[in-house]
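Undergrad: Residues per chain are reported as follows:
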Amino acid sequence: MIEAQDLTKRYGDKLAVDHLSFRVEPGRVTGFLGPNGAGKSTTMRLVVGLDRPQEGRATINGKKYADIADPLRTVGALLEAKAMHPGRSARSHLLFLAQTQGLPSRRVDEVLEVVGLQDVARKRVRGYSLGMSQRVGIAAALLGDPSVLLLDEPVNGLDPEGILWVRNLMKSLAAEQRTVFVSSHLMNEMAVTADHLIVIGKGKLIASCSTQEFIERSSEHSVLVRSPEANTLAGLITAEGGKVTVQEPTNGQTEALSVTGLQAPRIGEIAAANRIVLHELTPQLASLEEAYMELTAGSVEYGGTAHEHQPVTTPAGGSK
Amino acid sequence: MTSTVSPAAPATAPVPLPAAHRAPFVGDLLGEWTKIRSVRSTIWTLIIFVVVSLGLTALLTWLTLNNLSHGRHGSAASGLVTDPVSFILGTGLGLGQLAICVLGALVITAEYSSGTIRASLLAVPRRYPMFLAKALVFAVLVFVVAQIVAFVSYFIGAALVNNHVITNSFFVAHHTINVHHKITVSLSQPGVLRSVFGAGLYLTVLGLFALAIGGLIRHTAGAITAVIGMVLVIFPLAGLLPSSWGAHVHAYLPTVAGQLITADKHQSGQLLSPWQGFGIFCAWTALLLIVSVFLLDRRDA
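Protein chains in written order, with the numbering used here: chain V, 637 to 956; chain Z, 693 to 993.
Among these hints, one or two may not hold up.
[Unchecked claim] Taking CB as the label site, the calculated pair distances span: (1) Thr695/V <-> Ala715/Z: 21 to 29 Å; (2) Leu751/Z <-> Asp795/V: 33 to 41 Å; (3) Gln813/V <-> Val707/Z: 12 to 20 Å; (4) Ser960/Z <-> Tyr647/V: 35 to 43 Å; (5) Leu885/Z <-> Tyr647/V: 35 to 43 Å; (6) Gln959/Z <-> Ser765/V: 57 to 65 Å; (7) Gly883/Z <-> Tyr647/V: 27 to 35 Å; (8) Glu691/V <-> Ile840/Z: 50 to 58 Å; (9) Arg762/V <-> Leu933/Z: 31 to 39 Å; (10) Val707/Z <-> Asp795/V: 29 to 37 Å; (11) Ala711/Z <-> Tyr647/V: 37 to 45 Å; (12) Gly904/V <-> Val707/Z: 30 to 38 Å.
[Stated by the list, open to error] The following residues of chain V were derived to be distant from chain Z, with all beta-carbon distances above 10 Å: (13) Thr736; (14) Gln737; (15) Asn824; (16) Asp831; (17) His915.
For the record, the hints were derived by calculation from the structure and aren't laboratory data. Virtual Cβ for every residue (Gly too), placed ideally from N, Cα, C.
With the sequences and hints as input, model every part of the structure.
TA: Shown next, in the form of structure tokens:
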């Protein structure tokens, strides 16, 4: 378990992490989300003691990172790819890490096989692609068979096959009751990987909840309705207190309405009571991307439209 | 380089990993040894150190002996006559020491430039033991190589000097008189063994001095420039400072004091004994190492 209490980090007069408290539980994948510059990487560096916080503390299984004996046996961290000497081979890099932890060198060969680098392990890191470097970083994180994993943007630079592999790896590690804490800027990646989300913006906690709850809580539900008598229906729905947006009919289909403020069953009842034919009645769930944009609007550190967030509209051809 | 395939092996250790049966610091030392020997820059810097030191010792000693025989007496030649051991140890190692400065700085700055420092600190989060292990492994490596090079340099130089007969011709009253004489050096002469062993010690502490500067500056080019600038320019130039306080300042500067241990003869006006000088150099280096590790502990990695 990872616990942060009141964690605060300033670089000069810039507040990177602002009194941040959260808890990462074992047995599930916890996604760490935030716009660029929100303080995700800084927070991870504070947790593993690379940077010192001005206030607050972070603990792993109740201990400060520096107080854990042979820490790689408890915590595996992937903080950035290419954080290796270009002239050193992947095997030598992992070997020195293993030696500091009293791990046998056969463990190095095991993790190299896990990440699929056994054939290039004795070559210098200089010639590795970003994806290969990322795999060395993942191998280093797995080296001590740790119960806690911190992965900062682990799918960066990986091909689709590699992304799928990391996704499954994180899920299987969580299924083994390990603590998996993974940051990403890819919202859709988190939607399919994370069970729980911690969202930060400008160094402050925005949300900590299950992925499902996050989407439900932070987005307005809308219902897609198709009917040959869309105009009549729109009037009836508005009279009942719903808000209607008329969508352009796509080729061959009847006119569509996007309704908010009324649930799908109620819309169905209204249509039935007025003998209006419905072709489609679909509750729309906002994607994680939209929910995230909505929630972090106003806390975007670097962005052209920092404080003027445009609401995301549901695409017309709603197939869900 | 081929693309990698998705692995079939499970991420979990197939058998529980064995507990570490060793003192934690032993692991730190092993890790640092793997780090220093697994990059080519270490090997290349040491090769340059060996080749430059031995090659220049042989070349300059041989050239100077020939000059003596042909009656060309420069200051170098007179140095070889009056203090042959200092001459032998001063020529090749005087330039070879720059390779040790580079290696010392590189051992720590390369960790920062490559980002390896973060992997190192994740593995050994307590920064004092990490720094101590690094300094210790580096010092032992340099000590072994430098002692070998110092002794081989001495033996090359001594063999050239001892086997060379210097012939000076004088023309007196219509007669040419040839005067033959030999310079002899031997490890049994007073101070000679201490000078040769001292040269290895000096180079070891010089390496640590450079490592400390590297830890302070954390930039390869900056650290190397700073160390070499001090050793080659700033410290020697301080000898030009006026009056007796200038002479005192100069005598107590790190490498000026440290090099006293590599000289077998006491120079006139020398303020410190060889071991006192070496002690001063060690004190400077210890101070810089302490500041360096203190800042390592305080600064974000």
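Undergrad: None of the hints should be skipped; say for each whether it holds.
TA: Each hint tested on the structure:
1. Thr695/V <-> Ala715/Z: 21 to 29 Å: 26 Å, holds
2. Leu751/Z <-> Asp795/V: 33 to 41 Å: Given range 33 to 41 Å: violated, Cβ gap about 56 Å.
3. Gln813/V <-> Val707/Z: 12 to 20 Å: 19 Å, holds
4. Ser960/Z <-> Tyr647/V: 35 to 43 Å: Since serine 960/Z and tyrosine 647/V have Cβ atoms about 57 Å apart, the given range 35 to 43 Å is violated.
5. Leu885/Z <-> Tyr647/V: 35 to 43 Å: 55 Å, violated
6. Gln959/Z <-> Ser765/V: 57 to 65 Å: 60 Å, holds
7. Gly883/Z <-> Tyr647/V: 27 to 35 Å: Hint violated: Cβ distance 55 Å, outside 27 to 35 Å.
8. Glu691/V <-> Ile840/Z: 50 to 58 Å: 53 Å, holds
9. Arg762/V <-> Leu933/Z: 31 to 39 Å: At 47 Å between Cβs, range violated.
10. Val707/Z <-> Asp795/V: 29 to 37 Å: 31 Å, holds
11. Ala711/Z <-> Tyr647/V: 37 to 45 Å: 39 Å, holds
12. Gly904/V <-> Val707/Z: 30 to 38 Å: Violated: the Cβ-Cβ distance is about 59 Å, outside 30 to 38 Å.
13. Thr736: Check fails; 4 Å does not lie beyond 10 Å.
14. Gln737: 7 Å, violated
15. Asn824: 21 Å, holds
16. Asp831: 18 Å, holds
17. His915: 44 Å, holds
Against the hints set out earlier in the document, violations occur for numbers 2, 4, 5, 7, 9, 12, 13 and 14.
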